[in-house]
Amino acid sequence: MHAMHYEITLPADYDMEVIHHRVRTRGPLLDHLPGLGLKAYGVRERGVDGSELNQYSPFYLWHDPAGMHAFLWEGGFRGIIDDFGRPPVQHWTVLAFEPGPAFGTTPRAAGKRTELVPRETRPADVVRPELEALRDHARRDGVHSTALVIDPRAWELVRYTLWQDTAPAEDPVRYRVGHVSAPELAALEHGQQW
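Residue 19 is where the sequence shown starts when you use this note's numbering, and the numbers rise one by one after that.
Derived by calculation from the structure, the hints in this document are not laboratory data. One or more of the hints may lead you astray.
Said to hold, decoys possible - Have a look at the derived ranges for each label pair, beta carbon to beta carbon: (1) GLY97 / ASP31: 18 to 28 angstroms; (2) GLY103 / ASP154: 31 to 41 angstroms; (3) SER69 / GLU133: 17 to 27 angstroms.
Unchecked claim - Here are the computed lysine to any residue pairs in the SDA-like style, where the Cα-Cα straight-line distance is at most 20 angstroms: (4) LYS130 / THR27; (5) LYS130 / ASP189; (6) LYS130 / GLN108; (7) LYS130 / GLY97; (8) LYS130 / HIS155; (9) LYS130 / GLU25; (10) LYS130 / GLY68; (11) LYS130 / ALA187; (12) LYS130 / HIS50; (13) LYS130 / ASP169.
A virtual CB, placed ideally from N, CA and C, is assigned to each residue, including glycine.
With these hints in hand, go ahead and build the complete structure from the sequences.
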């Protein structure tokens with residue numbers, strides 16, 4: 019499994035209704051995309067949930083990398099490029115995906131926590147306890163699902179959590195989620211862990 023994320027930072031006076039309309043009208047277009055486990059249409063608005071900026075910030079979990087490649091090279095990413103230019107696309111290997119108590123609901127928020135694996139530390143010594151912590155985190159009330167992903171180029175660990183209602187203040191970055199496309203969510207639920 020692979021995770022993918024890009025951030026489109028918008029001007030402080032940008033009319034965010036344009037982004038909300040985009041999510042409402044274009045979000046359902048990926049509801050049946052082959053290879054896509056889920057896409058959370060995250061939005062940050064200046065002054066909301068501690069955000070200092072306006073940002074459109076989708077997060078993807080791909081069950082099949084061929085689906086990710088098709089999206090980037092042949093499909094939906096073209097609309098992002100046409101409307102906003104070509105943002106850098108972060109991508110990670112998925113270490114684990116855990117459904118939470120609110121798994122059957124529609125998530126309305128997301129939270130992201132990023133941690134660098136220290137250079138002097140063996141990666142497994144950091145990853146193992148993070149996997150245990152992820153399982154505990156997934157049991158919290160309000161958690162729809164959570165994933166732990168890693169970029170071995172920068173040795174960056176990211177925990178991305180979808181929440182039923184609101185992301186807690188302990189998540190350094192919080193998003194409102196306007197839509198979730200989840201055509202192969204069941205495949206993620208039964209995916210292998212590291």
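*List, from low to high, the hint numbers that the structure doesn't satisfy.*
Per hint list: 7, 12 violated.
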